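Q: Listed here are the chains, written in short residue letters.
There are 2 protein chains.
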Amino acid sequence: MRILILGAAGMVGRRLIERLLAEKTIAGEAITAIDAFDVVEPQIAAPEGVAIEAAAGDIADKATVEALVKKRPDMIFHLAAIVSGEAEADFDKGYRINQQGMSYLLEAIRAAGENYRPRLVFTSSIAVFGAPFEDKITDTFLAAPLTSYGTQKAICELLLNDYSRKGFVDGVGIRLPTIVVRPGKPNKAASSFFSGIIREPLAGEEAILPVADDVRHWVASPASAVEFLMHAATMDTDVLGARRCLTMPGLSVTIAEMIEALREVAGDAVVNRIRREPDAVIEKIVAGWPRDFDASRATSVGFSADKSFADIVRAHIADEAARG
Amino acid sequence: MRILILGAAGMVGRRLIERLLAEKTIAGEAITAIDAFDVVEPQIAAPEGVAIEAAAGDIADKATVEALVKKRPDMIFHLAAIVSGEAEADFDKGYRINQQGMSYLLEAIRAAGENYRPRLVFTSSIAVFGAPFEDKITDTFLAAPLTSYGTQKAICELLLNDYSRKGFVDGVGIRLPTIVVRPGKPNKAASSFFSGIIREPLAGEEAILPVADDVRHWVASPASAVEFLMHAATMDTDVLGARRCLTMPGLSVTIAEMIEALREVAGDAVVNRIRREPDAVIEKIVAGWPRDFDASRATSVGFSADKSFADIVRAHIADEAARG
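Residue numbers (the UniProt record's numbering), protein chains in the order written: chain Z, 1 to 324; chain B, 1 to 324.
Calculated from the structure, these hints are not laboratory results.
Among these hints, one or two may not hold up.
Just so you know, same-sequence chains aren't split out, so a pair can sit in one copy or run between any two.
[To be verified] Mimicking DSS-like on lysine-lysine, the simulated pairs with C-alpha atoms at most 25 Å apart in a straight line are:
# : residue 1 : residue 2
1 : K71       : K166
2 : K136      : K185
3 : K166      : K284
4 : K93       : K62
5 : K284      : K71
Bear in mind that the values here come from a model prediction, so they are computed numbers and not experimental data.
Based on the provided sequences and hints, a complete structural model is requested.
A: As structure tokens, then:
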């Protein structure tokens, strides 16, 4: 089993590779090779028995994508993307990386011919939805994004469905909740603060909260993101019919609830490191984001959510301790 | 007022031009020039005072589209498309004409700079929806097309929304019902028979009905299509917010109801020219199409439907008589 991972150097990509290397098999077959691709070369210590080919490049370069597909991976994880804030600021770059990259990938797979139909797991986003919303967004609610990032993800979903329907690829799109707590540094995503207000206080640092405490959001842990990917890679796709893209189950929590969970796990001194500094630009972007979902389609086919936000905080603390 | 019409040689395009030339003004301004573009050169007898520039070309050729936009039309009607049956049969051609053409158009408009923000009326289709459906599809139902044509239209809608949201264009997308009765010859659209079973019997010819009598469909007359375009071109778009694409109001009728309306208007002898010859391919495509809508968003902003199917049949007879 040869696996291609686009966006392999990102937080989710690195965790996915760790998991694949720990499992050693997927869908009942031995993992023999992993092609790890990103805009910066992924750093992976390869264990025995698995050939790791790490490479850096541009996913919106047609020849680059064709060369990756030419190795005929049995399974492809497409996690590469420009985040929402950057796609909004740089219109051309967003469409190039987030949409053109996917088009090249699908075309390269299709061009490989009838005997090649890999499983393609694509990470979409709840940013495909835009206000006004239903109270709980159901699986038949329209995609009406309010950002270019959300638009690009929605277009990729449509393409994934059509290429799957035509039999060119065996696609599954998973709309990830906002992943919290992301380790490391803040990124350019407008959602970056959702992790920051947990991560920075736990690390003894001040965190900026740019939105109101009653803002409600839809989140999942990094560990859940990897579970979603693994299930999407191995599930029976016949049950999906022509609708290959699913809203992943998450937790609907307010900022206040997140802060109370942090207090429960880590105490007042940690919570007091959160400083409220409203940011009109971020508030406006976040106001257009969905807050709660009925993700029953995904749960009916085997995806499952985190149990509580306190558990997510505890898992982050354990991860950081393991990392040293 | 300079107006660009892409797809000007088609049935709806020709009717739109007739209407514009009859009106002489639009949105309170004199129509001074019409650029009429299509894959075949549109034939238009120009009246005094309006400069008609008819041209044939490829809408999926970047330089061609840029040259059309360089004339800085104040209003653009984008009606050009490969029909559903052809887009399904020729995957590359469908994406090239139906999606790449729109991308080039939007990019050319954006590249023209901040002082240029034309009204762009785009004809989308109810083919953006795919089964399973709500009984009456509402304005917040997901776009889940079951054809490449529907996928391409849905992608164009997302792009139109995003480019409008960013202020590059002032877009309105109108999801046309199936237009019945189309004059002239059958075309490659899988929906062609919906017109054929009315048009051919009235012309003394046999018509093939490839689906069952209880098939329900969503239709509008050619005259309504032109009304929709005129209203989309002149309406206040502020009321649309970020959701620039609307399902147009239509009539939900079964084949049996259509046939009874034909009988009411034209009698048994005409109806008897319909021959039932089931076609599994067309039945499968049509089974994936929507049948009924709650188009209240469109009606709330001033679009209106045909009154009855018998009226549609009578209007077709009158049109044919006028044409001689």
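Q: Determine for every hint whether it applies to the structure shown.
A: Hints versus structure:
When the C-alpha separation of K71 and K166 is checked against a cutoff of 25 Å, the pair qualifies only within one copy, where the shortest distance is 22 Å, while the shortest distance between copies is 39 Å. Taking CA atoms no more than 25 Å apart as the test, K136 paired with K185 passes in neither setting, with 31 Å inside one copy and 48 Å between copies. Taking identical chains as interchangeable, the C-alpha atoms of K166 and K284 lie at most 25 Å apart only when they sit on different chains, with a minimum of 14 Å there against 39 Å within one chain. In this homomeric assembly, K93 and K62 come within 25 Å of each other (Cα to Cα) both inside a single copy, at 15 Å, and across copies, at 19 Å.
When the C-alpha separation of K284 and K71 is checked against a cutoff of 25 Å, the pair qualifies neither within a copy, at 44 Å, nor between copies, at 36 Å.
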